[in-house]
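Participant: Sequence:
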Amino acid sequence: TALALAAGFRAIDTANQRKHYFEAGVGAALARSGIPREQVFLQTKFTHQPGQDQRLPYDPRAPITTQVQQSFDSSLEHLGTSYLDSLVLHGPSVNHGLAPGDVEAWRAMETLHDRGLVRAIGISNVSTDQLEQLIGIARVPPAFVQNRCYASTGWDGHTRAVCRERGIGYQGFSLLTANRRELQRPLVDEIMKRSGMTREQVVFRFAIQIGMIPLTGTSSDQHMREDLGVLERALTTTDVQAIERIAAG
Numbered sequence: 085t086a087l088a089l090a091a092g093f094r095a096i097d098t099a100n101q102r103k104h105y106f107e108a109g110v111g112a113a114l115a116r117s118g119i120p121r122e123q124v125f126l127q128t129k130f131t132h133q134p135g136q137d138q139r140l141p142y143d144p145r146a147p148i149t150t151q152v153q154q155s156f157d158s159s160l161e162h163l164g165t166s167y168l169d170s171l172v173l174h175g176p177s178v179n180h181g182l183a184p185g186d187v188e189a190w191r192a193m194e195t196l197h198d199r200g201l202v203r204a205i206g207i208s209n210v211s212t213d214q215l216e217q218l219i220g221i222a223r224v225p226p227a228f229v230q231n232r233c234y235a236s237t238g239w240d241g242h243t244r245a246v247c248r249e250r251g252i253g254y255q256g257f258s259l260l261t262a263n264r265r266e267l268q269r270p271l272v273d274e275i276m277k278r279s280g281m282t283r284e285q286v287v288f289r290f291a292i293q294i295g296m297i298p299l300t301g302t303s304s305d306q307h308m309r310e311d312l313g314v315l316e317r318a319l320t321t322t323d324v325q326a327i328e329r330i331a332a333g
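According to my numbering, the sequence shown is numbered sequentially starting from 85.
Among the hints, a few may not be true.
To be verified - Taking CB as the label site, the calculated pair distances span:
| # | residue 1 | residue 2 | range |
| --- | --- | --- | --- |
| 1 | GLN306 | GLY109 | 18 to 26 Å |
| 2 | SER279 | SER166 | 36 to 44 Å |
| 3 | SER166 | ALA331 | 40 to 48 Å |
| 4 | ARG199 | ARG329 | 42 to 50 Å |
| 5 | SER158 | ARG283 | 19 to 27 Å |
| 6 | ASP213 | LEU315 | 27 to 35 Å |
| 7 | HIS242 | PRO144 | 29 to 37 Å |
No lab work stands behind these hints: they were computed from the structure. Heads up, the beta-carbon is just placed ideally off N, CA and C, and yes, glycines get one too.
Work out the full structure: start from the sequences and follow the hints.
Facilitator: Here is the structure:
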């Protein structure tokens, strides 16, 4: 996190899920950076118990509403902040549809939003059908969707279409690791030569140009600076369309 902030990043995605994330480390880096809180977009997640290890940020016997509040309170403590820019439900607890616990978690997140403690709420690891179901029951609609993005599904094309229609920001993750085979194709090499971009830059610039917010998890200072460099670059419409269809080629 410290490297990312020094490189110029001003948006951080984490989760209160010690199994894969370390919120307290993010908070410590933010405190050391001296960057004013209002200049950093902070997003974290509430994770249902099956996605956690034994280091739970809540009482597993408590109602889901209480679990969300306990997880949120500890996130604020870890991150050293009094509010969050975005709180994301880390994923529905079932593969199809929404379970009662998912709806309860969303209602608890809506309450945090009502209280001004969270500026936006969203959902991750969600199918198109689940997203449409959530939109149907939500009092506060999702501001963000965060999904693993595969070229083989048209870069999650159906879900992105719903997001576009509803004004929901789409955050794509694993753009590189989920698409290693497709990104080694000669087409990408040709675009790299024409554009003067690295493979990673081509992918992130493509994501931006199709309306996606690309997430990067690199720990390399050089890659961080290269990733930010895509904001000043552009791909041709032809190249964007070719990458959109790359899995079919």
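Participant: Which of the numbered hints above does this structure break?
Facilitator: Violated: hint 5 alone.
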